[in-house]
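K.L.:
First to last, the sequence lines map onto chains A and B. At the far end of the first sequence sits residue 340, using numbering that gives the first Met the number 0, and the numbering has no gaps. At the far end of the second sequence sits residue 340, using numbering that gives the first Met the number 0, and the numbering has no gaps.
Treat the hints with caution; some may be incorrect.
Copies of one chain are not kept apart here, so a pair can be met inside one copy or by any two copies together.
As the list claims (entries may be wrong) - Once the Cα atoms are required to be at most 20 Å apart in a straight line, the calculated EDC-like pairs of lysine to aspartate or glutamate come out as:
{"hint": "1", "residue 1": "158", "residue 2": "209"}
{"hint": "2", "residue 1": "158", "residue 2": "217"}
{"hint": "3", "residue 1": "158", "residue 2": "297"}
{"hint": "4", "residue 1": "210", "residue 2": "301"}
In short, the hints are calculated from the structure, not lab data. Predicted, not measured: the structure shown is a model, and the values here were computed from it.
Protein chains: 2
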Amino acid sequence: MPASDPAVQSLSFDDLTHLLRQIFLRHGTSAEVADILAHNCATAQRDGAHSHGTFRIPGYLSTLASGWVDGKARPQVEEVASGYVAVDAAGGFAQPALAAARGLLVSKAREAGIAVLAIRNSHHFAALWPDVEPFAAEGLVALSVVNSMTCVVPHGGTKPLFGTNPIAFAAPCAGKDPLVFDMATSALAHGDVQIAARAGHPVPVGAGIDKHGQPTTDPAAILDGGALLPFGGHKGSALSMMVELLSAALTGGNFSFEFDWTRHPGAQTPWTGQLIIVIDPDKRAGQNFAERSRELVERMHEAGQSRLSGDRRYRQRALATTQGISMPVEELERLRALAGE
Amino acid sequence: MPASDPAVQSLSFDDLTHLLRQIFLRHGTSAEVADILAHNCATAQRDGAHSHGTFRIPGYLSTLASGWVDGKARPQVEEVASGYVAVDAAGGFAQPALAAARGLLVSKAREAGIAVLAIRNSHHFAALWPDVEPFAAEGLVALSVVNSMTCVVPHGGTKPLFGTNPIAFAAPCAGKDPLVFDMATSALAHGDVQIAARAGHPVPVGAGIDKHGQPTTDPAAILDGGALLPFGGHKGSALSMMVELLSAALTGGNFSFEFDWTRHPGAQTPWTGQLIIVIDPDKRAGQNFAERSRELVERMHEAGQSRLSGDRRYRQRALATTQGISMPVEELERLRALAGE
Numbered sequence: 000m001p002a003s004d005p006a007v008q009s010l011s012f013d014d015l016t017h018l019l020r021q022i023f024l025r026h027g028t029s030a031e032v033a034d035i036l037a038h039n040c041a042t043a044q045r046d047g048a049h050s051h052g053t054f055r056i057p058g059y060l061s062t063l064a065s066g067w068v069d070g071k072a073r074p075q076v077e078e079v080a081s082g083y084v085a086v087d088a089a090g091g092f093a094q095p096a097l098a099a100a101r102g103l104l105v106s107k108a109r110e111a112g113i114a115v116l117a118i119r120n121s122h123h124f125a126a127l128w129p130d131v132e133p134f135a136a137e138g139l140v141a142l143s144v145v146n147s148m149t150c151v152v153p154h155g156g157t158k159p160l161f162g163t164n165p166i167a168f169a170a171p172c173a174g175k176d177p178l179v180f181d182m183a184t185s186a187l188a189h190g191d192v193q194i195a196a197r198a199g200h201p202v203p204v205g206a207g208i209d210k211h212g213q214p215t216t217d218p219a220a221i222l223d224g225g226a227l228l229p230f231g232g233h234k235g236s237a238l239s240m241m242v243e244l245l246s247a248a249l250t251g252g253n254f255s256f257e258f259d260w261t262r263h264p265g266a267q268t269p270w271t272g273q274l275i276i277v278i279d280p281d282k283r284a285g286q287n288f289a290e291r292s293r294e295l296v297e298r299m300h301e302a303g304q305s306r307l308s309g310d311r312r313y314r315q316r317a318l319a320t321t322q323g324i325s326m327p328v329e330e331l332e333r334l335r336a337l338a339g340e
Numbered sequence: 000m001p002a003s004d005p006a007v008q009s010l011s012f013d014d015l016t017h018l019l020r021q022i023f024l025r026h027g028t029s030a031e032v033a034d035i036l037a038h039n040c041a042t043a044q045r046d047g048a049h050s051h052g053t054f055r056i057p058g059y060l061s062t063l064a065s066g067w068v069d070g071k072a073r074p075q076v077e078e079v080a081s082g083y084v085a086v087d088a089a090g091g092f093a094q095p096a097l098a099a100a101r102g103l104l105v106s107k108a109r110e111a112g113i114a115v116l117a118i119r120n121s122h123h124f125a126a127l128w129p130d131v132e133p134f135a136a137e138g139l140v141a142l143s144v145v146n147s148m149t150c151v152v153p154h155g156g157t158k159p160l161f162g163t164n165p166i167a168f169a170a171p172c173a174g175k176d177p178l179v180f181d182m183a184t185s186a187l188a189h190g191d192v193q194i195a196a197r198a199g200h201p202v203p204v205g206a207g208i209d210k211h212g213q214p215t216t217d218p219a220a221i222l223d224g225g226a227l228l229p230f231g232g233h234k235g236s237a238l239s240m241m242v243e244l245l246s247a248a249l250t251g252g253n254f255s256f257e258f259d260w261t262r263h264p265g266a267q268t269p270w271t272g273q274l275i276i277v278i279d280p281d282k283r284a285g286q287n288f289a290e291r292s293r294e295l296v297e298r299m300h301e302a303g304q305s306r307l308s309g310d311r312r313y314r315q316r317a318l319a320t321t322q323g324i325s326m327p328v329e330e331l332e333r334l335r336a337l338a339g340e
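The following block holds chain A by itself, in its conformation from the complex:
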């Protein structure tokens, strides 16, 4: 959209972050939580990941208003073992819990070569790639999984059980942006179904079923008592099971099907757990992981893969740095009203 379009306005990353911070503060979060969620949400918007950008603000606010999530929770970090950190997010968001434990996690990974962070009692309502990308920017390899809320039918089953249960991975790449992917283990991410429903677009065949268990390409039918299917048949389903085990059974968090928010109308955030594994790839003498990573990427390009996961985000990010973040004026006005401006 050209900057001269009267229906669109550009603003800087810092201005958008500031605006979102005001919104969170005004709707019941602590200053620390507002800082972290605003940065996270503005990052997604800046990078063109719109299903996790300002599109999520109404969901955050209705959840905060419902009393389902504690916007002022203080995460409790526990040093479990030389490679193991646990955090009780205390019914708050997962990102502040990660932020509270991150320094300890990184120092353990650098010391032991590998370390794990187990977050429980947490609400994750954002994309997963912003959680792992910063580790790769520091030269570390990171893998994270988070379970969510029942909306995916296990392969061969008839009723939804799993969440969309994404897996995210990040690795450094010499002289380039980190290699990062973030994939729902469902055929589609929940945010993409919501976006399609709002836009009135169909979703691909094989993505979901309606409330009668019949295949459908209507996103509204998937959201209205229907369910998503795993990606890649039994393989995606097995990965989704792994995500439940690592995010909930291992951390002490809820499975995607365990929480009951019926007494909190307006609640939208899954109350589950998250696992992050961080490896220091340069622990072993003589290694140069990032150079090897670049060799692989160059060969992938030679094999004809022109676009890698994350490329679109980095392009959008570069664009936003020079031109600002373009947003519909109507959307900005809504956000400013929510911020009390």
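Position chain B relative to chain A; hints supplied.
P.N.:
Leaving out everything else, chain B in the frame of chain A:
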């Protein structure tokens, strides 16, 4: 096949292991390597995983005869950090390298909560689940990846680059067999393509392309200069990239496209690397991972998923324990001849 079928003979797991051990010993491996490979191969055959059972023996032997792999290699274990073990497999098989480092890996995982084993300079020609299942039998959670040899086209590309690059996961489950999966990140495993080619059966649509880059369901066309596709489109492809990074860039092993065996006619084993991450799920006080794991499985059954990954293997294993392992007489005679019996 009924045991009275004259073309089929039953033998015990121990007898099959002994027979395979004799074959390996007679074709250039050390006693230690023969023990480990025979047990591995007999395990696959017993559990009905035929693409990695005795079907693999000719490939092992032609590779040993070619001088491509060192059947007497002595793996060198390095204690890199409190959570990090590396092994130089010294050009031998991966399984003896894992066996040499396993005790140290487990003690580190129990002490630190998590530990990683990086195997390099190794040949992996077997299934991956036998590497992870024993950790779960000890109450640990294990994740392993191994890269292989160029035969999979990255998503959106035109030429093969990745290996079939499997991911295997194992977790304990209270009162039940461990939850284990082992999935190629290609649409089909290489062994399954070979089995289909030998049987003259087509492979599913979307599994591969022929040497002209055209989609095909002919396994012979895939093997003859064609290539496999990743499972699940861009997601399977991203996972395959991750497997290359973790198995090769991180360990110091070869990428799937890096080794050149043209001077070793008959060589079939990929000379790459393998990564294994082991987590102690009961490190955190008050946890009971295996009970939670069972809860999940029960809910998966209630959701209508009747069969889990690994179920078929456990059923075949139980059958073999009571009735022995049924094998075609012709196949057994070939094996006995190879063993010099």
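K.L.:
Would you mind marking each hint as holding or not holding in the structure?
P.N.:
Against the structure, the hints come out as follows:
Proximity of residue 158 to residue 209 under the C-alpha cut-off of 20 Å is restricted to the intra-copy arrangement: shortest distance 11 Å within a copy versus 39 Å between copies. Taking identical chains as interchangeable, the C-alpha atoms of residue 158 and residue 217 lie at most 20 Å apart only when both belong to the same chain, with a minimum of 18 Å there against 36 Å between chains. Within a single copy, residue 158 and residue 297 get their C-alpha atoms only as close as 43 Å, which misses the 20 Å cut-off; across copies the closest is 13 Å, which meets it. Taking the shortest Cα distances, residue 210 and residue 301 sit within 20 Å of each other only across copies (17 Å), while inside one copy they are farther apart (45 Å).
In summary, this structure violates none of the numbered hints.
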